[in-house]
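Given chain A, put chain B in place with the hints provided.
Residue numbers (numbering that gives the first Met the number 0), protein chains in the order written: chain A, 0 to 483; chain B, 0 to 104.
In case anyone wonders, no lab produced these hints; they're calculated from the structure. Heads up, the beta-carbon is just placed ideally off N, CA and C, and yes, glycines get one too.
DSS-like cross-link-like pairs, simulated, lysine-lysine; straight-line CA separation at most 30 Å:
| no. | chain 1 | residue 1 | chain 2 | residue 2 |
| --- | --- | --- | --- | --- |
| 1 | A | Lys105 | A | Lys441 |
| 2 | A | Lys345 | A | Lys441 |
| 3 | A | Lys441 | A | Lys352 |
| 4 | A | Lys192 | A | Lys57 |
| 5 | A | Lys347 | A | Lys441 |
| 6 | A | Lys433 | B | Lys29 |
| 7 | A | Lys345 | A | Lys433 |
| 8 | A | Lys347 | B | Lys70 |
| 9 | B | Lys70 | A | Lys352 |
Facing chain A, a subset of chain B residues (Cβ under 7 Å, in silico):
| no. | residue |
| --- | --- |
| 10 | Ala15 |
| 11 | Tyr60 |
| 12 | Glu64 |
| 13 | Leu67 |
| 14 | Val72 |
| 15 | Ala73 |
| 16 | Trp86 |
| 17 | Phe94 |
| 18 | Gly101 |
This is what each chain is made of:
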Amino acid sequence: MIYGFYAVGVFLASAFLTGLVSIKSDRYVPHIPIAASLVAVLLTIMTLPDVFFWGAVKMQMEEWIAPIGISIVADTLSVTLALVTTVIAFLILLFSYRYINRNSAKYYSLLSLMFAGVLGILYTGDIFNMFVFFEVLSVSSYGLVAFYRNRVSLEAGIKYLIMGSVATSMLLLGIAMLYGVTGTVNMADLALKLPFVGGMVPAVALALIMTGIALKAGIFPFHAWIADAYEGAPSPVSAALSGIGIKAGVYAMLRVVFIVFNAPTIVLDMLLVFGVASMLIGALLALGQDNLKRMLAYSSVSQMGYIFMAIGLGTALGTAAGLLHIVNHMIIKSLLFLSAGTVLWKAKSTNMKEIANTVRTTPLMTYSFLFGVLALAGIPLFNGFVSKWLIYVASFEKMPLLTVIALVTSAITLAYGLKAFYAVFLSNEKAGSKVVLPLSMKIPLVVLIAIIILLGVIPQIGIWLAEMMSGSLNPSLYTGVVLG
Amino acid sequence: MIYDANMLQQMILLFALFFAVSLGIYVVIKKEVRGTRAGRIYVGGEDLRPDDVDISPMDFYASIERTLRVKRVADLHNGDLSRYLMWMIIGMSVFMIILVWGMAL
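With the rest of the complex left out, here is chain B:
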């Protein structure tokens, strides 16, 4: 047997239990909060309108994208066919060099 599936199933069941309990707590809390008054948003001494604090899902990971230099990787994928073909040739050359060298050993 390559892996004990029973242990994995126990983990899945534990996760399901944890998820169900968390969902239950969330529902209970949300029910209690429902009747409360909505006030104005006051952050760091500054009055904000709801629009100001509404984070667009598209920009939510902007800081992570900046940190991981996603744009730099994306810029390399600019749709230029000759560049794509060049990568292919480089990839093939790497395969060739490693295999000819490695299989000769």
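So here's chain A without its partners, still in its complex pose:
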């Protein structure tokens, strides 16, 4: 039994109930998704023992056997990402409790839908269902990005909607082509049938699917929507998009490339090249920013580059490093966006100079951003160091030049991170009013800092996790579990 999959239903119910409860009063609206996220965490934890014992478990919808029925699959990769997702979802919802004062029913309803979409992507073993959950994630994200309904957020929402719609059209077209030549949408079944399909159709389908997913993952040259979307969205939504939303894209890319297509060398090489380009271009764009949220957005593009570069190396260590960096980046970027949110909560602008003149920060706000920056740059004692170190070692084994590029990018990361830290948190001692953070905003920051330091001081946890997760990308294990 995959209890974690029921978390999808819990979040869907939360989306429905928040709307229903808001008819009477908005007062109890935030309690529903917060409670739902706690239930989701518990359900995911209940899934862990089976998955870590067997490596992977599956469940068939309505007892229809695979590949006819829809398969739900939980392996170490999906369940680890689901656990991190649900914990971060809980922290983001808790943070939003005092952050969002208007239209809270719409906000919590859309956010619950978004989390349901991400969890659905993580657990489904069916590529068409993956598309459906991508749509759930995307449509709710469009609404959340445009939530403030001001010029910036509406423009960002419309841009994201148009680009996202083009991407999902390509994704659907690619899936349709695969179905046309194989007659199945079950990923394990596709993996078995595709090697016997000749012609150009599988390659064209893969290109279309990769384009659709690459936009969701925000890698170069599909990254353009990210800065506008993150800037226009409320900070907790930016944290959800960066910490959870784009990781769904990375996960889907891994499933399609490694499981369905058995990781052809040409695809891995392509991921490597696009990863390096993302890493460098994202970091350079972040360095040139005066806007705090745009800087963090481009930083996400850069970190996605690290992940794709590591996976594109095609070695066991590289894959493990990339997977660990996914988990680490989820935690780090959530912390950075939430700590930026504490400042932006009272500031009227996202420009770093203007923030410093309007808001005086507290030590918790300052240290949470500083720790986030240090972890992002891969400084020892923080979790980012462990995954980045593994990426350096893995890239050095394959091509030392890549290590040099990764190290230079880390230096640029530290530069723009400290620039933002100094501009926003250290230049405002005398100016503006002091922000008093409620407990609901303090708890998420403290929890995320604790996780970052724990994973940084005890690297054994991260390395063990990375090793377990990389086993999930073995197509024979996956097809064996799904098709028996």
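Leaving out everything else, chain B in the frame of chain A:
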């Protein structure tokens, strides 16, 4: 085992030790310096006011930004939707060409 975590932990502990020692030295030095007199700033024969030598954090990396041509990359991200869609189509075309060519081999 993909990587020896113990070695990594030793590195982290060494870094922690180095950081702690550096912090200790800094604190000691700062304590000694605290009582000293603050004089006027005199650089290259020119008297400067504190405001003149105060570097804005926003401009601190200006020279690096110029060297790395950051502005040129940033100018390409001007918010023009049709340009962004064009990149997407170019990206897809690159995927398509490489995959059709590469997987046919």
